[in-house]
Each structure stands twice: as C-alpha cells, then as structure tokens.
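Asks: Position chains B and C against the provided structure of chain A, taking the given hints into account.
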Amino acid sequence: MPTQIDYEYDHSLYGVEHESGPFDVTREIVDVYTRSIGDDNPIFTDGEAARAAGYADQVAPPTLCALFERGELPDIKLQFGRRQFHGGQRVEPRAPIVVGDRLTASSHLKDVYTKTGRSGTMVHVVWETTFSNQDGVVVADVQRSQVVRE
Amino acid sequence: MTYLDLHCHSVASDDSRATVEQYLKFIQVHRKKGYTIDGIVLTEHRKFDFDIDYSQLADQYGVLVLKGAELDTCFGHMLVYNITPAMAKDVDFGDVKMDGRELIKAARHHGGFVVPAHPGRFGIGLVEYMEQGEVFEDVTIVERVNAGSKPEENERAEDLCQRTGYLGTAGSDAHLASHIARAVTEFKADIRTEPELVDALISGEFRPVYIQETAAAPVA
Amino acid sequence: MSQATKLYFEDVELGDEIGPAIISVALDQVVDFCSLWGNPAPNRFTDQAEAEKIGLDGPIVPGIMTMALVSRVVTDWAGAGTVADLDLVFRGTVPHNQPLHVGIQVSDTEQDDDGNHVQCDITMTGPVPDRPYVIGTARLNLPSRD
Chain A
1 MPTQIDYEYD HSLYGVEHES GPFDVTREIV DVYTRSIGDD NPIFTDGEAA RAAGYADQVA
61 PPTLCALFER GELPDIKLQF GRRQFHGGQR VEPRAPIVVG DRLTASSHLK DVYTKTGRSG
121 TMVHVVWETT FSNQDGVVVA DVQRSQVVRE
Chain B
1 MTYLDLHCHS VASDDSRATV EQYLKFIQVH RKKGYTIDGI VLTEHRKFDF DIDYSQLADQ
61 YGVLVLKGAE LDTCFGHMLV YNITPAMAKD VDFGDVKMDG RELIKAARHH GGFVVPAHPG
121 RFGIGLVEYM EQGEVFEDVT IVERVNAGSK PEENERAEDL CQRTGYLGTA GSDAHLASHI
181 ARAVTEFKAD IRTEPELVDA LISGEFRPVY IQETAAAPVA
Chain C
1 MSQATKLYFE DVELGDEIGP AIISVALDQV VDFCSLWGNP APNRFTDQAE AEKIGLDGPI
61 VPGIMTMALV SRVVTDWAGA GTVADLDLVF RGTVPHNQPL HVGIQVSDTE QDDDGNHVQC
121 DITMTGPVPD RPYVIGTARL NLPSRD
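Chains A, B and C, in that order, are what the protein sequence lines are. If you're matching positions, the first sequence starts at 1 in the numbering used here and goes up one per residue. If you're matching positions, the second sequence starts at 1 in the numbering used here and goes up one per residue. If you're matching positions, the third sequence starts at 1 in the numbering used here and goes up one per residue.
For the record, the hints were derived by calculation from the structure and aren't laboratory data. Mixed in with the good hints, there may be bad ones.
As the list claims (entries may be wrong) - In silico BS3-like cross-links for lysine-lysine, where the CA-CA straight-line distance does not exceed 25 angstroms: (1) B/K97 / B/K67; (2) A/K110 / A/K77; (3) A/K77 / C/K6; (4) B/K89 / B/K188; (5) B/K47 / B/K67; (6) A/K77 / B/K97; (7) A/K115 / B/K150; (8) B/K188 / B/K33; (9) B/K97 / A/K110; (10) B/K32 / A/K110; (11) A/K77 / A/K115; (12) A/K115 / B/K89; (13) B/K89 / B/K32; (14) B/K105 / B/K67; (15) A/K115 / B/K105; (16) B/K67 / A/K115; (17) B/K32 / B/K188; (18) B/K33 / B/K47; (19) A/K115 / B/K47; (20) A/K115 / B/K97; (21) B/K47 / B/K32; (22) B/K105 / B/K47; (23) B/K97 / B/K47.
As the list claims (entries may be wrong) - If you anchor each label on the Cβ, the simulated ranges turn out as follows: (24) B/A86 / C/D47: 49 to 57 angstroms; (25) C/D11 / A/A53: 18 to 26 angstroms; (26) C/I54 / B/E131: 22 to 30 angstroms; (27) A/V32 / C/G55: 24 to 32 angstroms; (28) A/E128 / B/K47: 15 to 23 angstroms; (29) A/R102 / C/Y8: 29 to 37 angstroms; (30) B/E131 / C/A26: 34 to 42 angstroms; (31) C/D28 / B/E196: 57 to 65 angstroms; (32) B/D49 / C/D47: 14 to 22 angstroms.
As the list claims (entries may be wrong) - Computed far set for chain B versus chain A, every beta-carbon distance over 12 angstroms: (33) F50; (34) Y61; (35) V96; (36) G111; (37) E128.
We put the CB at the ideal spot given by N, CA and C, even for glycine.
Chain A on its own, in the form it takes in the complex (with noise of 0.2 angstroms):
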C-alpha cells in the first residue's frame, strides 16, 4: 500500500515491472570496479583463485549489480523538489555473480513518502530490482531509495 502524499506523482507505475538489460559482467568492469575501490581480494580479482576456491570465475564483488540498475529506472513525474540524491541502498546477494554472467533486471515501485529533516521536506522515491542472470537464476536483490528535496 503506498503511502499517501500531498504531491502528485505518476502512481500507474505501481504493479508493474520494468524489465531492462542485458548487463554483461564482463572482466574488465570487475577489475575497474575493484581497482577503483581498492579491493585486491584474490576471489574478486584474479579467475583462476576464484575458480580454486570453487567458484566458475572471477567474481564480482557483492555490491556490484547496483551499477546496472542506476539510470534504468523510469521517471515518476513528481511535482515536488528540484535536487535528488542518494538516500540509501540495499543489496541482497542471493547467488555468485561471475565474469562471464549475463544479467536482467525487473524492478517496480516500492513507496514514495515525505518526512522532514534539516533541509525541509523531502520525498523519498524507492525501487525495488531483481536481478537474474542467464539461467533463470535470482542473484540479488537490490532496494534503491532516491531522495527529491525542496
């Protein structure tokens, strides 16, 4: 149930699921991501210790699939605001995600609610994404939360 706001925004996207991807993990966007990040966990950086430690390949790190769904959300039309941030984020690992995996995304609308804090009111728009990889296989779930001030 959503909750109720004094802004108008476009509620049809509740219940319905924006599919998008294909997202190809590809080894040189794990290395980026870990060289950019200081990660030099052999797991993460090197195929064939990963693939030692039982693994398929090199591995992505857990909070890696939250790149893709940055930018693949549809826009909510909210009357409200002029500035958004990034208010928080969730990520549910729920199987490995390895060099090589090709990866979609499903995400809908969880909620759009106001509260106030030291910068006045603010709306908090957040999304929920699942994403699946090429064998049908659930590998995370990630819960985004976007926040539109005055």
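Replies: Chains B and C only, in chain A's frame:
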C-alpha cells in the same frame, strides 16, 4: 530510580535498521559493562501501532518497552508520549507539516505529553524557530541530550534550557542496535507504563545523562 | 589477504567492535568508478565547479561507490561470499581525500536451520566521530568450526 532511553527507532521507522529484539539484546551488552538501563521508549517516525505488543520480549530480556512516536511538525520533530486512541483520532500522524503547537495542546488534552526532539539541531530544531520569533508557551521540557546530534547541537539545546528554564530529557535517537541507550533520562520515580512516564515528566524530577553516568562504579 | 582471513561464527560475539578501518578516496578512483555507470567526468562527483552548481562544497563520493567501499571493508574482515545483506542509509555527503572511518559492531548473532548469521552495525564517519555520513547494517552468513 528509572533509567529510560526516551527516543529510539526500530525497523518500523523507514531509516532504522534495528529490530526491537536487537535493542533488547544489545542492552544486555551495556548491562554486562555495568551500565543501568531499565527501559526504552520506541518513538517511531510518523506512526503509532496500537496492536503491536512487546511485553513478551520485554519479559524475556528484563527491559521495559514503552511506545511513543516522533512526529514531523512545522516546528521540527516532536516526541509524543502516552498516545491514546482518542489522540490518534485527533492528530494525523503522517502529516509532516502539522502545527507543532496544536500537537502539544492535543497531546495534553488526551493525557499525553510532547517533548520537542533535538531542539538544537540545525535546520530543524526548536531553537531555529525561536530565533525566527516563534513562541512556544506550552513547551516546558525539551530533549536536551540527543546522542545522535552533533556536540554543538546538544550545546545549543543546553543553552536553550539555561536561557528558558526548560527541563531536559535525553535519548539515544538510535537507528542501529549498538546505538541504543547512549543517552538516557534518569527519573526519580519508578516507571512501568506510559501514563506513569507522563506523570514523571510532569513532576520535573528527572535529568538527562549519558550512559557512562548510569554506572554504579566507573566502567573501564 | 582477505581471502585468508576466514572468519568463523565462533570467532564473533555480540558487541564486538571491528576497526574502524580508515580509508580515503582519491579523484582518479571516483573517475574510474563513474566511468562504469555511464556518468563520465566532469560531474558533481568529479568536478569542483559541477559540485558547486548544486550547492555542494566540493565533489563527493557517489552513494553506490560508498556502498562498494563499505562492502570491501566488510569482506576484508569476513571474507568473500559472506555478505547476505548490506543495507545502508546515506545521511551526509562523503568527501574526497579525507579519512573515512568505517566501523563495524556486532549487533546480533543467531544460528538456525539456514546457517550461522551475524548482524553488524556499520557506520562511516569523518575523523571526528560526529553524525555519521553513512549508517547501516550487514548480515553475514559465516561457517562454523563444528
């Protein structure tokens, strides 16, 4: 004497990540260190659930669990204690722009009590609105120590209390289990229920303390 | 390193504090990270003028990069493949080139038919333990020594 954390949020609040049981478990960690915590008051953001009953958990962990709310108003956030069905009928808890002065009146009318939360917080505390010329005749108690606020914000709250004679409470404003009870209110009275909490607030016999001050002996 | 630091359920106790790990983020790291999600520099994450345009003091670390950094600190401690849930609230902007203190505290431990679960509270602050830039939790599934 009763030591209560008067301000904390469980996962029922959108931005909290602690369950009530995790709070109660973590209070055992504090107790092992020698701190005294008798109970907590859950003050969920913009909501109140009459049906939810924590008495079994409270008994299991030996921690009093009372319920209140933290409501958004046009004069900042306000902690409301002893919420009754009649009060909930009169007040739209989800209205983030409700008139804070009216909320204070409505709560008192229904036997409850309102304490403005983190009054020194920049951008949203009561001090900000007072500096804009707003007057709050019905305010007598504010949250003087909020363990989630910046030190300078708590200093502003303390200045406010000294300037106006307001009494001050304390709460952790915890959103994580490990943050529970970092600041608590020390009451002279024994408190077991929400109406008793209101009576104890009205009595004025309480003071805000940090958790370190609840230890019978210094904690290493 | 982190692969070798395998953590067992029995090694962890409610209330344990880990860290804080102190990290910092340089501009070239953010530029690399932004290139991954089709947000090429300059932008508010990489450029002073772009940041100022939207009222920031300077360029900031993107939320999903902050999450990646927190995740790294967690897996450095617990090992790859242990994270079952990472749930963060971004409360403030995370600056470049400043020490970021990532603290972990064990807030719950539980064993059931599904395994051995450890819940941790996470905070990321600046050098002054002020209001955190980030709070959240991580749920880990750990192996048992038994």
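Asks: So, for every hint listed, does it hold in this structure?
Replies: Each hint, compared with the structure:
With a C-alpha separation of about 22 angstroms, the suggested pair B/K97 and B/K67 falls inside the 25 angstroms cut-off, and the hint holds. Between A/K110 and A/K77 the alpha-carbon distance is near 15 angstroms, which keeps this suggested pair within the 25 angstroms criterion. Proximity of A/K77 to C/K6 is assessed by CA-CA distance (about 47 angstroms); at most 25 angstroms being required, the pair is judged violated. Between B/K89 and B/K188 the CA atoms are separated by roughly 32 angstroms; this puts the pair beyond 25 angstroms, and the hint is violated.
Taken as a hint, the B/K47 and B/K67 pair is honoured in the structure, with Cα atoms around 11 angstroms apart against an allowance of 25 angstroms. Of the supplied pair hints, the one linking A/K77 and B/K97 holds, its CA atoms being roughly 22 angstroms apart against a limit of 25 angstroms. Pair hint A/K115 plus B/K150 holds up; C-alpha atoms about 20 angstroms apart against a cutoff of 25 angstroms. The hinted pair formed by B/K188 and B/K33 meets the criterion: a straight-line CA distance of about 23 angstroms does not exceed 25 angstroms.
Our distance criterion of 25 angstroms between C-alpha atoms is met by B/K97 and A/K110, whose separation comes to about 23 angstroms. Simply put, B/K32 and A/K110 have alpha-carbon atoms about 41 angstroms apart, too far for the 25 angstroms limit, and the pair is violated. A threshold of 25 angstroms between alpha carbons decides the hint, and for A/K77 with A/K115 the separation of about 19 angstroms falls inside it, so the pair holds. For the hint pairing A/K115 with B/K89, the CA-to-CA distance comes to about 21 angstroms; that is within 25 angstroms, so the pair holds.
For the suggested pair B/K89 and B/K32, the alpha carbons sit about 42 angstroms apart, so the restraint of at most 25 angstroms is broken. As the CA atoms of B/K105 and B/K67 are separated by approximately 20 angstroms, the hinted pair is consistent with the 25 angstroms bound. About 22 angstroms separates the Cα atoms of A/K115 and B/K105, which keeps this hinted pair within 25 angstroms; it holds. The suggested pairing of B/K67 with A/K115 holds, with an alpha-carbon distance near 20 angstroms, which does not exceed 25 angstroms.
Pair hint B/K32 plus B/K188 holds up; C-alpha atoms about 23 angstroms apart against a cutoff of 25 angstroms. A threshold of 25 angstroms between alpha carbons decides the hint, and for B/K33 with B/K47 the separation of about 33 angstroms lies outside it, so the pair is violated. Taken as a hint, the A/K115 and B/K47 pair is honoured in the structure, with Cα atoms around 12 angstroms apart against an allowance of 25 angstroms. With a CA separation close to 9 angstroms, the supplied pair A/K115 and B/K97 stays within the 25 angstroms bound.
A C-alpha spacing of about 33 angstroms is found between B/K47 and B/K32, which places the hinted pair above 25 angstroms, so the restraint is violated. A C-alpha spacing of about 18 angstroms is found between B/K105 and B/K47, which places the hinted pair at or below 25 angstroms, so the restraint holds. Distance check on the hinted pair: B/K97 and B/K47 sit about 14 angstroms apart at the alpha-carbon level, within 25 angstroms; holds. The beta-carbon spacing between B/A86 and C/D47, approximately 56 angstroms, falls within the hinted interval of 49 to 57 angstroms.
Separated by about 20 angstroms at the C-beta atoms, C/D11 and A/A53 satisfy the suggested range of 18 to 26 angstroms. Range check, C/I54 to B/E131: Cβ separation about 27 angstroms, and the 22 to 30 angstroms hint holds. Distance hint check: the CB atoms of A/V32 and C/G55 are about 30 angstroms apart, consistent with the given range 24 to 32 angstroms. At roughly 21 angstroms, the beta-carbon separation of A/E128 and B/K47 lies within the given 15 to 23 angstroms, and the hint holds.
At roughly 35 angstroms, the beta-carbon separation of A/R102 and C/Y8 lies within the given 29 to 37 angstroms, and the hint holds. A hinted range of 34 to 42 angstroms holds for the C-beta pair B/E131 and C/A26, which are about 40 angstroms apart. For C/D28 paired with B/E196, a C-beta distance near 60 angstroms keeps the hint of 57 to 65 angstroms intact. The supplied range of 14 to 22 angstroms is broken by B/D49 and C/D47, whose beta-carbon atoms lie about 46 angstroms from each other.
Residue placement check: B/F50 keeps its beta carbon more than 12 angstroms from all beta carbons of chain A (closest about 18 angstroms). With 12 angstroms as the threshold on Cβ separation, the claim that B/Y61 sits away from chain A holds: the shortest Cβ distance comes to roughly 27 angstroms. With a least beta-carbon separation of about 5 angstroms from chain A, B/V96 fails to lie farther than 12 angstroms from that chain, contradicting its non-interface assignment. Consistency note on B/G111: stated as away from chain A, and its beta-carbon is indeed over 12 angstroms from all of that chain's, at 26 angstroms minimum.
Not every CB of chain A is more than 12 angstroms from the CB of B/E128 (nearest about 10 angstroms), against its label as outside the interface.
This entry does not satisfy hints 3, 4, 10, 13, 18, 21, 32, 35 and 37, going by the numbered hints stated previously.
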